[in-house]
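**Q** Keeping their order, the protein sequence lines are chains W and E.
Positions 1 to 497 (our numbering) are the ones given, in order, by the first sequence.
Positions 1 to 371 (our numbering) are the ones given, in order, by the second sequence.
Straight-line alpha carbon distances no greater than 25 angstroms define the calculated SDA-like cross-link-like pairs of lysine to any residue that follow: (1) E:334 - E:321; (2) W:279 - W:338; (3) E:334 - W:86; (4) E:334 - W:91; (5) W:279 - W:140; (6) W:179 - W:207; (7) E:334 - W:94; (8) W:217 - W:15; (9) W:179 - W:191.
It is worth saying that the hints were derived from the structure and are not from the lab.
Okay, here's what each chain looks like letter by letter:
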Amino acid sequence: MSAELSLEALLEHPDTGGLTVLHGTSAVWTQAVVEIGEDALPAEVDDGLAVLIDPAPGASWQVDALLRRVHDRGFTGIALTGEAPGPGSRALAERLGLTLLHTDHPTRLARACWQLLEARDALALWMVQRIARSIEYRADDLGDLLRHINANVGHGIALIDQEGILQGAGEPIPESLLKQITFDRWLDIAESPDGLVASVPVESRTRQALRVALHGKDASTAYRNALSTAVEVVMPMVAARLLIDEVEAVSDASRSSGLLGDLLESGGNVDAELEQRMKARGWRTNGYHVGFRIVGRGRLDPLELLRLVSSLLIRIPVDSHATTRGGGVTGWLTFPEPPSPAVVAARVRDLHELHRSAQASFTVATGVGSLASGPTGLSATLGEARDAARLAADSARSGWFVHVDSLGLEQLLLAWTGGDTFASAAASLLAPLSEVERQTLAAYLDEESSIVATAERLGLHRNTVSTRVQRIQGLVGIDLHDPEARLALQLACRVVL
Amino acid sequence: MALPSSPGQRHPPPPGTRPACTYAGRVPLALQRDDLESLARGFAMLGAGGAGSPHLSALVLENSATWPITVHSPAELDPDRPCIAVGYGGSTFLLEEQLPGLDPFGPAIRAIERWLGVEDAVICSIEAAGINGLANLQLAGSRDLVDADCMGRALPDFDQLSVLVDGLPGIVAAASAGPGGVAVVEGARPRDVERVIRTAIECNGGWAGTAFGGFTVGDLHAHAMTGTVARALAIGRASADAIRADLPALADSLGGRLLGTGRVIDARHERTAPGVVSFEVQADDGAVLRLVARSELVALVRNGVVVAATPTIIVALDATTMAVLEVDQVAVGKDLVLLSLPAPAWWLASPSRRRQAEAIHWGIEGLEETG
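Isolated chain E, as found in the complex (with noise of 0.2 angstroms):
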């Protein structure tokens, strides 16, 4: 099989759109054990009630050998180095109920990096949020890894990744399809390399790991989120304390909004928006609440006004116990504190590049953040 040849041509990064991160340093970030709990809960908030739980992940990582785990600064790495992002494709409540191997990434990542003619690859995360987040730090010890995420957040869809919406040439896309099988697209267009991999998910049993690469540690800057595993242990930190006496205070120091607290009254399934549930919260200032929910947490409508909504990373606390709660735990009855957190500087760098992390990508009207 002729290998084709390196990347193509990248393009520059656009002036003025270097992403803004909490973490751009050029050392790396040496993650204990002991950060592992705040990890997982950054991971959650980062994941707006979608992507899985993280506590599957942190189960696996929680028993690794490889403590403490170094995730390299893009910054300090060797621009042209290959680079692959990780992470599990479809249902997170299969996963959980048929684990994962010792090495799920591993027939994906063989595949590209045999594909691409390239080997040693730095590894990062499709989605640095839910389960993804910390998916990729189980390679630690085997491979390097880089703090750097190709959503910044959790959204569902695969031509969702940033290298894909930049178009990017090259990308190669790999999924596990089956027992010994492995699905390899490439050059696809993005709704194409979502449809294949999709197909290749369902033939591995509603889940696969999957690898996307194709691109260099260089292309991270201008092409995918940096910093995100650091912003996850930034913000998981900074709420692991929270108490509900002090909202204002949590919003603050998660650089968020504080949306509303409130009681969930109704649920409903909306007809003209399939697979979309909306859910009625009556405020506690007496405000009416709309959450709107597909995979993810899609939007927050108070009083008939968009306050939030994607890209915007929205989160829904339990109100009793602060537990970062995930779209099928929000339920009749539930108290929730909803929160908002700034969205991935990359995603609202372009019209183009918001338009397609924005409910309308769905085809959901009606839910853009005015002002």
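Chain W extracted, bound-state conformation (with noise of 0.2 angstroms):
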């Protein structure tokens, strides 16, 4: 029999009762027989493994005998079930050169011994049974689908592509092996000292040169074979998974992007049959929340954005929700007690630290609501994380990041004007009046249009006052009786002086 049963190969097999190594760290043998008891062996053998369903006996003296006696047949490995012989019996079995294995169920052990030796293809069907038999549980995504597939075959799974392993189970494929994995054929079986790796293309709408790979410590022909043939098994089901994973994940964010709608609509009046709804996705209006959005500077897959950022936002800690609205993501932080302003402020640096993470993808601009509690504050803060968020995209100077504290309007207000777009149109708006001109429009409608208090403020007599009002609204072109004129202005001025 060419065929050769190595100590590593039954280790890597899945299922052999619970073997333990009690002595010895490689072997092979060309045959295993299994009896009943040590009486039914062979008187005399070549080189073998011998796996005895009877339980070991319980006194010492009696393990050693039995290992001698097996030895003396010319076995170099024996597998014993019942109690676990000691220490005294394991130097017994180096000194006679013996592999001492242990087994829980020694039919199993045999079963793996068969599989290994005699019917290799036996193997793959096993493993592609076991496969098959992980379709039976439900898998919540991806990662659940590949714990399955390891707890039922016991080799460690990966999802990989050209930069290493992206989601995978059980132990994972060692460095050298990663490395020799070749991306342009179909079935890539690859080796190395630490063992092989067996892999197939997977399908995915939106990623590229993904591969499912299974991976074993042992390559000997028999693990080759049934690895090869598992993994064939296997691509379909991860290549399906993944799809519904991208299905599920878009028609997941439609629904809460569409909540989220609903919230920002009844301004904070949240109805019995909404809060049902917000409860069932786990948002709490109760408490106290800090709104955040993020735009898109550019186009921008928003999906693609929560994704991102549900992944950054775990590291913040605390309550956190985040769903897709229009071209961004919408989301807050909730404290279920009132924050310190210390609190409150590092967990906006927190934002900032992940809008700075989230810029290495995307182009975005970020804004950030203030403090504020219950449902109508919810919608309050969002309402000002959206207005802070579409001032941040006008402001590289503030690294496309805009928070409204305490302040509120007023702040956004300057925010707003601090804006790019803002500066020169006020610039251009400005630009008929000289610098006098300027702060004596500033003033006139800082002191409310009033004349003598505006003379009192700049220490000019109040004609002169007058005709440089006269004068300026000439020059500018607006009529400076007009409020909303007025306020233009007056932010005008703020800006440019």
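Reconstruct the complex from the two isolated chains, following the hints.
**A** Now the structure itself:
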């Protein structure tokens, strides 16, 4: 018989009935003999593994004697069941050069030996059956599916691309094997001293050059055949799961986005039905909230952005939610108790950090609202965040990040006027005026259009002021009695002066 | 009380089974006070780790005024003289805490003599080992002593006495059974003798002077071990100057075998064999030794092969002091020299005798000497 059974191959087998090695590191046998008791073993073998079904004798010397007799028959390995032999018997096994194994279920070990030695196709078939069985169990996502498969076949499984492992279950693929995987062929079997990896490509709508890989520590022919068959069977399951996950993500995002829309529309007047739906999602309106919104400064896939933001939000040590809305992502942090200003500041810094991380992959702008409580507050802070985000998208100087703190509207306006668009508009609006005229206009607007107060403030005669105001009105071409126009001019003065 | 008639017909000695012994002359053995140390050491070795330390008996004898002590060869005595074997039974630990009186065997001997209607019986030992090797010698001066015993080594049970193993009719056993009391059992099956005497010992507080009669000096040739006092003396003398450096020579001089040297690295109470402790000894030559013990050292298994087992006498010596160790002195970390002394030939003369002294007697399987 040319086939060989190695200890490594046995240890790699997913069902050896709880095999443990009591003594021995590597061993290779040409046969495995399974018998009820030691008496029934052949009197002489060249080299083999004896698997005994009867429990090992209880007394230490009886175990010693058993090892000795099995060794004298020519066996170089023995698997016992029952009480595990003690250190003395292990020492004896070492002295005799006998590999000493222990299993809780010797018949399962026997089957594993048979599969590895004589029925390699049986091993592949068995593995395929185990993979098929993984389908029976509900998987929440791809990670879940991979865990099921790993638990059933006992081999490490991973979804990989050329950068490395994307997702996996079980023992990770060693670096030495990862390097050897070829991406441009159908079935690839990479080998190294660390074992072997069998991989096939997986089609995905959104990601390129994906492969699913099964790996094992033992590279004997039996495993080579079994793993390459198994990985081909696994592939469609993984591909289907990837697709399902993508569809589920889209539909989930659209549901939560709709809910957020309803919340914002309600303006904080959350009715029972809306509250129920929010509860179902784990959104709490009680407590204290800080809203944020991240928008694209160009075209982006909000779903991709949401995926990234959700993964980053996990790092912020407070309850958080996020969903897509329009061309961006809206979310909020919730504190059950009123947080101190320092805590709020720290969380806003976290959001700033999140913004910077997101910048690495997307061109985004982030707005953060102020702290507010209850359902109305949630709606308000989300509104602030929306406005702040709009401002941030126009504010390279602030690093595309604007936070509306407790100063509220005033700061919001100031921040807005600090925007690049407004700054240039303000400059062109006041362009016709000299520096003195601008200062006079600013004082006049600040003093609520009072000539007398303006004259006092600037230390001028009121006639001088009156003349200047008329002149300014002519130059700018704006009716200073129009409140909107007055506001625009006042803001422009703030920006330019 | 009607006294029983004289002992019944005796078995003739089986042809060719006359036990070999190192001393079988027709001259008495004259033991000197200077021999006491060698004797004690010899009996300790024959104790195979059990039978108690001869120390206590040696202390009693040392102060005895009867030196030199004469021990007769069975051949030089009238074969029809009644003989009584004496010895302590029970716990040798308790014996050292609750010391025996001046006449520990008197009540049992007198009860047997009364029962059998004999007097002036010759005294021998029940087991020529440990504390009992020397115990009968304290009767020197008041009784004739004969160089014989009923075990030839240490064994724990009364039903392992040679006269009971051979099924001699009319054996009478007696033991002190509490203050002033004495239990006598006659003609019972060996296992019942064991039970009754054991019970008497319990009544007496954990140990008792016991005596076994109902046989004659002539019976000793076929149904007992003879010459064991001489054997103990020879062993004690040969090993008196034993040194670690020349262990094979020591084994040779004792007529035994060197089984191995090594350190005890583990001791385990065997779950499947109650009362059995096995010591794992890492031999200096790398072998895995298992020293299996009950109240005595029962067997030595070397690399899975039984190399010595009771009735072969296994002796554990402290490798540093060369002192003979009792089972309870063997402990993890101790360095041992392990020797075997040949089993008394009497035990090996027939399979049925041998079986009574093998481990299977206590239900311990897998410890028969092979080859």
